[in-house]
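When you get a sec, could you build the whole thing from the sequences and use the hints?
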Amino acid sequence: MTLKVENINKTYYRRRRLHKLRSGKEMSSPIKKALDSVSFSLESGIYALMGPNGAGKTTLINIMVGNLKPDTGLVSYKGQDIFKMGAEYRKLIGYMPQHQWMYENMTVMQFLYYIATLKDIKKGPGGKERIEQVLDLVNLTQETNKKIGALSGGMKQRLLIAQAILNDPDILILDEPTAGVDPNERIRIKNLISRISFNKIVVIATHVVPDVEYISKEIILLKEGAMIHKDSQDHLTKMLEGKVFECHVPVDKLHEFEKSHNIVSMVKEKDIVKARIISDYQELDFDVKELVPSLEDVYLYNYRSSIRLD
Amino acid sequence: MNTTIFALFSVSLLAPIFSFDRQYKMERILGATSRGNKYLLKTRFRILLPLQALMYIAMQVIWYSSLSYRYGIKNISGNIQSLPIFKDFPIVIDMRVMLILQLLTGILLVWLFCTFIFSISIKNSDVIQSLLIGTIACVCPFILAFVNFDLAKMFWLGPFLAPSLLFYKFTWPVILNMVVMTSFIVLFAHKAVKDYTSAQV
Numbered sequence: 001m002t003l004k005v006e007n008i009n010k011t012y013y014r015r016r017r018l019h020k021l022r023s024g025k026e027m028s029s030p031i032k033k034a035l036d037s038v039s040f041s042l043e044s045g046i047y048a049l050m051g052p053n054g055a056g057k058t059t060l061i062n063i064m065v066g067n068l069k070p071d072t073g074l075v076s077y078k079g080q081d082i083f084k085m086g087a088e089y090r091k092l093i094g095y096m097p098q099h100q101w102m103y104e105n106m107t108v109m110q111f112l113y114y115i116a117t118l119k120d121i122k123k124g125p126g127g128k129e130r131i132e133q134v135l136d137l138v139n140l141t142q143e144t145n146k147k148i149g150a151l152s153g154g155m156k157q158r159l160l161i162a163q164a165i166l167n168d169p170d171i172l173i174l175d176e177p178t179a180g181v182d183p184n185e186r187i188r189i190k191n192l193i194s195r196i197s198f199n200k201i202v203v204i205a206t207h208v209v210p211d212v213e214y215i216s217k218e219i220i221l222l223k224e225g226a227m228i229h230k231d232s233q234d235h236l237t238k239m240l241e242g243k244v245f246e247c248h249v250p251v252d253k254l255h256e257f258e259k260s261h262n263i264v265s266m267v268k269e270k271d272i273v274k275a276r277i278i279s280d281y282q283e284l285d286f287d288v289k290e291l292v293p294s295l296e297d298v299y300l301y302n303y304r305s306s307i308r309l310d
Numbered sequence: 001m002n003t004t005i006f007a008l009f010s011v012s013l014l015a016p017i018f019s020f021d022r023q024y025k026m027e028r029i030l031g032a033t034s035r036g037n038k039y040l041l042k043t044r045f046r047i048l049l050p051l052q053a054l055m056y057i058a059m060q061v062i063w064y065s066s067l068s069y070r071y072g073i074k075n076i077s078g079n080i081q082s083l084p085i086f087k088d089f090p091i092v093i094d095m096r097v098m099l100i101l102q103l104l105t106g107i108l109l110v111w112l113f114c115t116f117i118f119s120i121s122i123k124n125s126d127v128i129q130s131l132l133i134g135t136i137a138c139v140c141p142f143i144l145a146f147v148n149f150d151l152a153k154m155f156w157l158g159p160f161l162a163p164s165l166l167f168y169k170f171t172w173p174v175i176l177n178m179v180v181m182t183s184f185i186v187l188f189a190h191k192a193v194k195d196y197t198s199a200q201v
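From first to last, the protein sequence lines stand for chains A and B. FYI, this note's numbering numbers position 310 of the first sequence as 310, with every residue one higher than the one before it. FYI, this note's numbering numbers position 78 of the second sequence as 78, with every residue one higher than the one before it.
The reader is advised that the hints may include incorrect statements.
Taking CB as the label site, the calculated pair distances span [claimed, not checked]:
hint, chain 1, residue 1, chain 2, residue 2, range
1, A, Thr144, B, Pro50, 25 to 35 Å
2, B, Leu13, A, Thr144, 27 to 37 Å
3, A, Ala87, B, Ile73, 50 to 60 Å
Here are the computed lysine-lysine pairs in the DSS-like style, where the Cα-Cα straight-line distance is at most 25 Å [what the hints assert, rightly or not]:
hint, chain 1, residue 1, chain 2, residue 2
4, B, Lys191, B, Lys123
5, A, Lys78, B, Lys38
6, A, Lys84, B, Lys191
7, B, Lys38, A, Lys84
8, B, Lys38, A, Lys122
9, B, Lys42, A, Lys123
10, B, Lys25, A, Lys32
Read the hints as simulated data drawn from the structure, not as lab findings. Each residue gets a CB set at the ideal place from its N, CA and C atoms; glycine is no exception.
Okay, structure coming up:
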């Protein structure tokens with residue numbers, strides 16, 4: 001069970017405005033290179049696809065789902081091109097989009113029946129049983145006759161997960177599964193994903209570090225369309241050893257300190273501030289203690305320029 | 001008039017179908033299912049086009065029945081040229097054949113018209129907008145009729161809404177309009193379907 005992404009490139013172009021090349025040929029002007037030679041391979045397990053907004057996560061996910069064709073490159077499952085597999089590939093995948101849009105006037109049950117039909121799940125008792133099983137798994141059994149428009153954000157997210165796992169997919173692709181939900185719901189969804197991930201390739205695109213911390217086998221970091229790392233959480237945090245510190249900064253020097261350092265968090269204690277920083281070199285001017293790096297540190301270290309711009 | 005009512009009914013039935021999916025941004029979810037995308041498009045066409053044809057046949061049968069009830073069926077086996085409006089019709093056929101011919105032509109034109117409405121539905125992400133565009137397309141011949149009644153019968157979707165016109169208004173402008181309109185609908189539908197199935201959502 002291997003899903004391979006090989007040398008994927010995708011550029012978005014302006015549709016209408018054309019610009020003339022020196023050769024006289026007219027070309028659509030590129031807006032953005034969304035993916036730049038992205039390659040990796042996935043075996044069963046949970047993979048986190050991380051990066052700030054605009055890093056190319058959703059584009060990559062749409063390509064992996066088969067909803068978007070890359071300009072160049074190949075996505076293959078068990079050695080076969082997914083775009084050539086077509087419906088056969090789509091039978092094996094479950095996809096949850098980033099947004100919470102669904103037919104608002106349908107009830108939960110009607111929606112799942114509709115998706116079950118489109119996923120070629122047998123009608124009759126078998127199909128109904130599967131829907132009830134999935135509803136139980138996502139804890140929506142009490143809401144079957146509720147209209148989708150009347151569900152809370154968390155319930156909608158769980159319903160989106162339910163439709164994705166309805167066909168018991170080999171590959172489960174979740175785009176921002178915890179977007180816009182409260183911390184309790186976030187934990188519930190995280191546990192649900194862990195529970196359903198057995199013997200599947202699960203890809204979770206997110207920029208929320210705690211969502212994938214401890215549950216993911218490997219983390220894929222995307223930056224400006226390029227893959228910068230694909231490694232386990234342990235290896236990624238090990239790479240940051242000797243770069244995460246706690247500095248005791250006097251309050252009056254904090255302003256200057258903030259300007260020149262990547263501060264992860266701060267706690268004020270009397271006349272000093274305990275700041276957790278990420279730095280390539282050890283700070284000598286202040287009282288410094290080396291800390292064990294976390295995944296959040298890895299994220300901040302790799303995306304510091306994006307974070308400062310934000 | 002009855003075909004216009006039929007066309008408006010078709011618009012209300014067909015125009016929301018694809019726009020509804022797009023209004024609720026369901027394309028990505030549907031596109032990721034094994035029977036979504038191309039299969040869903042084909043299934044919708046396969047169900048709705050025969051349904052439209054059946055509805056059209058039913059409407060024509062009711063229309064012919066009411067005519068025969070009012071005027072009786074006399075000389076139905078007579079030549080079509082015996083009727084004043086068909087006196088210049090180039091092929092010698094009897095009235096029954098003409099009725100069948102009109103019915104078949106009507107079905108073909110209804111399908112073309114439905115394909116046009118389907119394409120509008122695919123292209124628009126707003127149900128109301130699709131309904132409005134479809135309705136405007138249907139009532140355009142009436143607007144044209146205010147300017148010139150013959151123009152209304154000959155141009156735009158006029159002949160599509162009244163297929164019998166093709167037989168007793170067998171003139172070059174009508175034929176030219178049919179060719180232009182058919183080409184336009186086929187190209188528009190081709191573009192809409194290509195956009196829908198090219199996996200670019």
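The hints, checked one at a time:
As the Cβ distance of Thr144 (chain A) to Pro50 (chain B) is approximately 34 Å, the hint placing it in 25 to 35 Å holds. Restraint check, Leu13 (chain B) to Thr144 (chain A): a C-beta distance of roughly 29 Å satisfies the suggested window 27 to 37 Å. For the hinted restraint 50 to 60 Å between Ala87 (chain A) and Ile73 (chain B), the CB-CB distance of approximately 52 Å keeps it satisfied. A C-alpha spacing of about 9 Å is found between Lys191 (chain B) and Lys123 (chain B), which places the hinted pair at or below 25 Å, so the restraint holds.
As the CA atoms of Lys78 (chain A) and Lys38 (chain B) are separated by approximately 24 Å, the hinted pair is consistent with the 25 Å bound. Pair hint Lys84 (chain A) plus Lys191 (chain B) holds up; C-alpha atoms about 22 Å apart against a cutoff of 25 Å. Taken as a hint, the Lys38 (chain B) and Lys84 (chain A) pair is honoured in the structure, with Cα atoms around 14 Å apart against an allowance of 25 Å. At roughly 20 Å between alpha-carbon atoms, Lys38 (chain B) and Lys122 (chain A) fall within 25 Å of each other, so this suggested pair holds.
Between Lys42 (chain B) and Lys123 (chain A), the direct Cα distance comes to roughly 20 Å. Compliance with the 25 Å bound is thereby established for this hinted pair. Between Lys25 (chain B) and Lys32 (chain A), the direct Cα distance comes to roughly 23 Å. Compliance with the 25 Å bound is thereby established for this hinted pair.
Violation of the numbered hints given earlier is absent; every hint is satisfied by the structure.
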